[in-house]
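Residue numbers (this note's numbering), protein chains in the order written: chain P, 39 to 636; chain R, 39 to 636.
These aren't lab readings, by the way, just hints derived from the structure by calculation.
None of the values given here were measured: they were computed from a predicted structure.
You may find that some hints are simply not true.
Examples of chain P residues toward chain R, derived with CB under 7 Å [unchecked claim]:
no., residue
1, 108
2, 109
3, 111
4, 497
5, 505
6, 569
7, 571
Beta carbons: idealized from backbone N, C-alpha and C, even for Gly.
There are 2 protein chains.
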Amino acid sequence: MSDKISKRLDNLRKAMKKNRISAYYLTTADFHNSEYVNDYFKVREYFSGFTGSNGNLLVTPDKAYLWTDGRYFVQAEKELKGSGIELMKMGEDKVPDIYEFLEQNLNAKDVLGFDGRTITVSQGKRFAKIGKDKGFDIKFKKDITCDLFKRTGFPVSHAEVLSDELCGESPSEKIKRVREILKKKKAEALLLTRLDDIMYLYNIRGNDVEYNPVLMSFAYLSEDISVLFLQPEAVTAELKEHLNRADTMIMDYWNIERFIGNLQPKTRVMIDPGQVNYSLFKRLKKNCCVITGVNPTVEMKAVKNETELKNMREIFLKDSAALTRFMLYLSKHVGDEEFTEVSAAELLFKYRKEIAEFRDLSFGTISAYRENAAMMHYEPGSAGEVRLRPEGMLLVDSGGQYNGGTTDVTRTIVLGEITEEERRDYTLTACSMLNLMHVKWLSGCTGQNLDIIARKRMWDEGKDYKCGTGHGVGYILNVHEGPQNIRWKALEKQAELKPGMCVTDEPGVYRAGKYGIRIENLLVVKEWKETGDGKFLEFENLTFAPIDDRGIDRSIMTEQELKYYLEYQGSVVRALESSLSGEEISELKKYCGLEAGI
Amino acid sequence: MSDKISKRLDNLRKAMKKNRISAYYLTTADFHNSEYVNDYFKVREYFSGFTGSNGNLLVTPDKAYLWTDGRYFVQAEKELKGSGIELMKMGEDKVPDIYEFLEQNLNAKDVLGFDGRTITVSQGKRFAKIGKDKGFDIKFKKDITCDLFKRTGFPVSHAEVLSDELCGESPSEKIKRVREILKKKKAEALLLTRLDDIMYLYNIRGNDVEYNPVLMSFAYLSEDISVLFLQPEAVTAELKEHLNRADTMIMDYWNIERFIGNLQPKTRVMIDPGQVNYSLFKRLKKNCCVITGVNPTVEMKAVKNETELKNMREIFLKDSAALTRFMLYLSKHVGDEEFTEVSAAELLFKYRKEIAEFRDLSFGTISAYRENAAMMHYEPGSAGEVRLRPEGMLLVDSGGQYNGGTTDVTRTIVLGEITEEERRDYTLTACSMLNLMHVKWLSGCTGQNLDIIARKRMWDEGKDYKCGTGHGVGYILNVHEGPQNIRWKALEKQAELKPGMCVTDEPGVYRAGKYGIRIENLLVVKEWKETGDGKFLEFENLTFAPIDDRGIDRSIMTEQELKYYLEYQGSVVRALESSLSGEEISELKKYCGLEAGI
Numbered sequence: 039m040s041d042k043i044s045k046r047l048d049n050l051r052k053a054m055k056k057n058r059i060s061a062y063y064l065t066t067a068d069f070h071n072s073e074y075v076n077d078y079f080k081v082r083e084y085f086s087g088f089t090g091s092n093g094n095l096l097v098t099p100d101k102a103y104l105w106t107d108g109r110y111f112v113q114a115e116k117e118l119k120g121s122g123i124e125l126m127k128m129g130e131d132k133v134p135d136i137y138e139f140l141e142q143n144l145n146a147k148d149v150l151g152f153d154g155r156t157i158t159v160s161q162g163k164r165f166a167k168i169g170k171d172k173g174f175d176i177k178f179k180k181d182i183t184c185d186l187f188k189r190t191g192f193p194v195s196h197a198e199v200l201s202d203e204l205c206g207e208s209p210s211e212k213i214k215r216v217r218e219i220l221k222k223k224k225a226e227a228l229l230l231t232r233l234d235d236i237m238y239l240y241n242i243r244g245n246d247v248e249y250n251p252v253l254m255s256f257a258y259l260s261e262d263i264s265v266l267f268l269q270p271e272a273v274t275a276e277l278k279e280h281l282n283r284a285d286t287m288i289m290d291y292w293n294i295e296r297f298i299g300n301l302q303p304k305t306r307v308m309i310d311p312g313q314v315n316y317s318l319f320k321r322l323k324k325n326c327c328v329i330t331g332v333n334p335t336v337e338m339k340a341v342k343n344e345t346e347l348k349n350m351r352e353i354f355l356k357d358s359a360a361l362t363r364f365m366l367y368l369s370k371h372v373g374d375e376e377f378t379e380v381s382a383a384e385l386l387f388k389y390r391k392e393i394a395e396f397r398d399l400s401f402g403t404i405s406a407y408r409e410n411a412a413m414m415h416y417e418p419g420s421a422g423e424v425r426l427r428p429e430g431m432l433l434v435d436s437g438g439q440y441n442g443g444t445t446d447v448t449r450t451i452v453l454g455e456i457t458e459e460e461r462r463d464y465t466l467t468a469c470s471m472l473n474l475m476h477v478k479w480l481s482g483c484t485g486q487n488l489d490i491i492a493r494k495r496m497w498d499e500g501k502d503y504k505c506g507t508g509h510g511v512g513y514i515l516n517v518h519e520g521p522q523n524i525r526w527k528a529l530e531k532q533a534e535l536k537p538g539m540c541v542t543d544e545p546g547v548y549r550a551g552k553y554g555i556r557i558e559n560l561l562v563v564k565e566w567k568e569t570g571d572g573k574f575l576e577f578e579n580l581t582f583a584p585i586d587d588r589g590i591d592r593s594i595m596t597e598q599e600l601k602y603y604l605e606y607q608g609s610v611v612r613a614l615e616s617s618l619s620g621e622e623i624s625e626l627k628k629y630c631g632l633e634a635g636i
Numbered sequence: 039m040s041d042k043i044s045k046r047l048d049n050l051r052k053a054m055k056k057n058r059i060s061a062y063y064l065t066t067a068d069f070h071n072s073e074y075v076n077d078y079f080k081v082r083e084y085f086s087g088f089t090g091s092n093g094n095l096l097v098t099p100d101k102a103y104l105w106t107d108g109r110y111f112v113q114a115e116k117e118l119k120g121s122g123i124e125l126m127k128m129g130e131d132k133v134p135d136i137y138e139f140l141e142q143n144l145n146a147k148d149v150l151g152f153d154g155r156t157i158t159v160s161q162g163k164r165f166a167k168i169g170k171d172k173g174f175d176i177k178f179k180k181d182i183t184c185d186l187f188k189r190t191g192f193p194v195s196h197a198e199v200l201s202d203e204l205c206g207e208s209p210s211e212k213i214k215r216v217r218e219i220l221k222k223k224k225a226e227a228l229l230l231t232r233l234d235d236i237m238y239l240y241n242i243r244g245n246d247v248e249y250n251p252v253l254m255s256f257a258y259l260s261e262d263i264s265v266l267f268l269q270p271e272a273v274t275a276e277l278k279e280h281l282n283r284a285d286t287m288i289m290d291y292w293n294i295e296r297f298i299g300n301l302q303p304k305t306r307v308m309i310d311p312g313q314v315n316y317s318l319f320k321r322l323k324k325n326c327c328v329i330t331g332v333n334p335t336v337e338m339k340a341v342k343n344e345t346e347l348k349n350m351r352e353i354f355l356k357d358s359a360a361l362t363r364f365m366l367y368l369s370k371h372v373g374d375e376e377f378t379e380v381s382a383a384e385l386l387f388k389y390r391k392e393i394a395e396f397r398d399l400s401f402g403t404i405s406a407y408r409e410n411a412a413m414m415h416y417e418p419g420s421a422g423e424v425r426l427r428p429e430g431m432l433l434v435d436s437g438g439q440y441n442g443g444t445t446d447v448t449r450t451i452v453l454g455e456i457t458e459e460e461r462r463d464y465t466l467t468a469c470s471m472l473n474l475m476h477v478k479w480l481s482g483c484t485g486q487n488l489d490i491i492a493r494k495r496m497w498d499e500g501k502d503y504k505c506g507t508g509h510g511v512g513y514i515l516n517v518h519e520g521p522q523n524i525r526w527k528a529l530e531k532q533a534e535l536k537p538g539m540c541v542t543d544e545p546g547v548y549r550a551g552k553y554g555i556r557i558e559n560l561l562v563v564k565e566w567k568e569t570g571d572g573k574f575l576e577f578e579n580l581t582f583a584p585i586d587d588r589g590i591d592r593s594i595m596t597e598q599e600l601k602y603y604l605e606y607q608g609s610v611v612r613a614l615e616s617s618l619s620g621e622e623i624s625e626l627k628k629y630c631g632l633e634a635g636i
C-alpha cells in the first residue's frame, strides 16, 4: 500500500511542479460540502490511503500531512503507516490546524493550490487572508489531479418524489416560508447548494451518495422564481409534474455557474459561507451582492413537523423491534452458531429489510467485537474475519432509511463473561444515556449546556469519550444533520434546541486495545411545561431497544438512575409487546433484567 | 420624584435641541467602562431616577427608554413609576436591545448623541455601523449634560502600595509577562484603561470608587516604557519609589489623549475593544495601528497565584467566622432584641471590622427580609425601617475587602417559622450550591458547561433564577471580575476555567412579593487528576459559613446531596473550631443540624 501511495504522491508532485504550485490541498468534499461523498470525489483517499470520512491532505514538494479528528486517530495511524504522510491530530495541544500550518510554513513566492469547488467560502476566505498576509498566491480554478486519479462516473440517479402525506408540508409551503425569511434578511434570492436542504425543500430524494438519499443538485430561489438544477438523467415525468405544482423550473446541474453569471447585476443573493463552495462564491461575487447567513432551510429541516414525528415514532418502533430480535437471537445462539462481525451485521440487515417501509441502511453498520469497538468508526471486516465467541462484548451501531424516517441506534451486546471494569463502564454508559434522556431545561439552551448531564458520571471517575454526545438526524435523509448537537466543546456558535429537533444520545467508554461501549438512543425535543419562571423543555425518547442487563451493575447506580433504568427497560417491553412473539417477549424480559414481568 | 425627573428630562431635551441631537444616550459608565462608578459619573441615575448599577437611558424629543437586566426589573419598575420612562427588559422576548431599537427607530437626518468617553469601542463601532446603514449621524465629542447635572468633584485618592509579599509577584515580573504576550500578538504596545487591571499590574490600590479599591488611571506599556497616568493628587513619595523599582514613569491622568496623539505614527497599539472608550479609540486610530484583543492582564489577574490563594484561604476563614458569629447571634436574639434590616447589616459590619486585615466592605451589604429578598440587589432601608421578627427569612449578601483578599458570601437565615414551600426552595438552593461545589470536569470547560449542574435541581421542578450562577472575584479588588463566570446563556465567547480562577456559586429561588433565597460560597478552580482521558479539574471551597438547618428538608435530598450537606456542615464546624468560643461551637453544631458532634 505504502509504495502505491508514494507513487501517487510523486505523480501529484510532478503535476504541482508543472502548475507551479508549492503546496496542494486535497479535501474529502464534493462540490456541496457534503459530509459523505460519492467515490467520484474520493481524491484525498486516493492520494493518502486514509479511508475515514473526515480528513484533509496537504502535499508539499517533500512532505505530506493529513489532518483528521479524534474518531479516526487509531485508524489513520494504521492506514498511513509507511506512507510518509504525517498525521496531524486535530484538536490536540500543539497540533496546528491547517490555517496555522499555512501561516507557519508558506512564504512569499509560494503558491497554494486546491480545487475551489471542494472548499467552502469560509475556508477559501481564510486561505486568501493568510495568503495576503504572508504574500503567497492561491490557485483554485484547476483540479490538477484530474489526469492522475481515474474517477468513477459522476454520480447520478433518478429523482424520487415523496408524497406530501409523508412530508407533512408541500414544497410550495416550504418555499413560501423560505421567502418570508429572505424578506426579513433583506435578501432577494437564496443560492442553495447543500444537498439535503435541497431534497428537504422540494420533497425529493435520490441515490447519488451511499446511504444518503440525495441528488447532485443546486437550487436558486428568489421572490419570483424557484429553480432546481439537476442532471438531465435524474429528471422523470413524475418529477416534472411535482415541480410544476411547486412553480419550480428545472435546469441542468452543470449550468449553475453560467446561470449565476447571468443574474441581474447587484442582485442581493444570500449564501451560507459554511456550505457554498469557493469557486461558486467567487463567480457570484463578480456581479451580485453577496449576503451571508445560515441557510433558512437548515433550521426548517431540523425542526420536524407533526407528520414527520408521527411517522418517525412508528418507524423507530419497527426498527427497534428488528434490532431487538437480532440482539435476542445473537445472545441466544452465539455459543452454538457461527457468527462473525460481518455476518452479525448481515443478520441485522435481514431483519431490517423485512420492514415494509425499508429503503436502505442509513450508514455502514459498525459491528465491532471486543477491542475493535474501541475504534469509534470501525468497519467490520477491516480486521479480517473476526469470529464472535460467547465472551466479551459486541458493539453494533446501525440504522436504516425508511419511508417514515431515518434511524440511528447503538447497542453493546454482552456475549458472555465480561470483566468488572467492563461492567462498571457499561453501567456508567447506560446511566449517562438515561440521565441525558431525562434532563429538563429552560428554553434557550443549546446542546453545550446539556452535554455535562451525560458526561458527569464519566467525569466523576476521570473518564471521557473523545467525541460529541449527540448529533441531529435527518428525516429520510442524512444520518448526520445540523444545526443542533450535544457537545460540551463548541467549535462554532451553538444552535438552540427547539421543540421538534431530534438528537442522538450516545455516550460511551473506549479503551484502546481492550473494548468499546456505546449505547445510543434517539431523542426529540418537546415542550414540557411553562411556569412563572419560563418555558421548559424535555426529551421524548424514540428508541425502544433493550439495554443488556448482563452489562449492568445496579449497585453503582443512584436510586434515580435505577428508577430510570427499570422504567426504560419496562417501556421497551411494553413498546415491543405487539411486534414480538410471546417467546421473544419472555426472552426480552429476561434480557432486560425484568424477571417478574413489568 | 417623577416631577423632578420630568423637569430634568425637559432640560436635557432643550440641550438636545440646541445641539441638534434627536436621540441622546446616557450610560452608567465612567471613562473606564467600570461596572461600579463614582457618583461623579451617575448621570443616567440623575436623569432617570433609577439607581441600579446597570442601566442605559435613551432620550428622544418625546420619549425615554431605560434598559436594564433581570436583577433590576422589580426595582426599576418601582423607581421609574410616574417618570414616563419606558422600561426595556433586557433579554426578554421581543424587547429590542439598544442596537435593534436604534435600527428600528432612527432614520436619515436623525442625530444620535452620547459622550464618547462613556461608551466602549465595541458599542461605538456598532452605533457607527447602524448610523451608516440607516443614514443618521453620530455626535460623541461633547457631553451635553455638563451644565445640567451639577457633579460632585472628580474622584481622587492617595495611591496605596501593596507589598510583593501580599501580591506574590512584583510589578516588574507582571510587566515582563505582559510584554511577552504583546510580542506574541505582534503588538508594540498596550493601552490599558481598565482600572482594576491597572491596579493589579502595578500592585497599587486607591479609593476612587465606593467598595472598589481603584484609582482613576490609564497605563501605556511598550517594549521600552511603562507609563502610569494618575491624577497628581494621587501620587505619594512611596508610590514614586515603588514605580521607580518597576521602571515605570508617572504622567498626568488628564494628559492621556495628548500622549496618544504624540505616539510614533503607525505604532501597533493593542486595545481591548470591550474596555477602551470610544473617544480614546478614535484619537488613537488617527495615527496608530490599532490591534484589538482581550487585555493580557485580564487572565493574569483572574488566575490567582499561590501567595494570593494562601492569603485568601486565611481571610475567607476569618470572614466566615465573622459571618457565622453574626448568624448565630441574630438567630438567638431576634426574638428578644430589636433588629432591622439595616441594624442587622451594621452588626455584621461590626464583626468584620474586628478582623485586623479589614479595609472596607466589598459592596453595599444586602440585608433583605422576607419579600424584600425577592429583589436580587435590594438595598436595605430603601423600603423604610423593616423590623425583623422571629419568623420568615433574612437574606444577607455581603463581603469585605481585606489585606489578603476580597470576600463575597450570601446566607439566608431562618428567623422562625417558614412555609413548606419556603423550606423546599431553601433545600433546592442548598443542593444546587453543593452540587456545583462538587462537580468535576475535563480541562477546557467554561462556566457555560457547568451551569446546569447548579440549575438542574431547579429546572427539574420548572423553577429558575434569572441571573448567572457565579462570577469571578478580585483579589483586594472589585467583587465582580472576569473573564470567567458560571452562566448557561453566554452573551459572548466564554472563558475557559483555569486552575487558580475563582468563582462564586450562588444559586437561589426568588418569589416576588413572598421571599428570596440565595446561598453563596466562593470556589477556586484546581487540578484534580490526570488520566489517560485527559486532565480533570475540580473546585476547592473557600467559604465556611453554615447553612441554616432549619431551612432544610432532608427528605427531598438525594443520598449524594445529603452526604455533601453533612460533610459541608461538618467542615464548617471544623474550620471555625479555633475561632469561635466553646459555647458558639455548640450553638453552631445545633445550627448546622449536627446534634451529636461530628
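Status of the hint placing residue 108(P) at chain R (closest C-beta pair under 7 Å): violated, 11 Å
Proposed interface contact between residue 571(P) and chain R, which counts if any beta carbon pair is under 7 Å: holds, 4 Å
Supplied contact hint for residue 111(P), tested at 7 Å Cβ to chain R: Cβ of residue 111(P) sits 13 Å from chain R, so the hint is violated.
Restraint outcome when residue 569(P) is required to lie within 7 Å of chain R by C-beta distance: The hint holds - residue 569(P) has a Cβ within 7 Å of chain R, the shortest such distance being about 4 Å.
Evaluation of the interface hint that places residue 497(P) against chain R, nearest CB under 7 Å: holds, 5 Å
Hint status (Cβ of residue 109(P) to nearest Cβ of chain R, threshold 7 Å): violated, 15 Å
Hint validity - residue 505(P) Cβ closer than 7 Å to any chain R Cβ: violated, 12 Å
Checked against the numbered hints given earlier, this structure breaks hints 1, 2, 3, 5; the rest are met.
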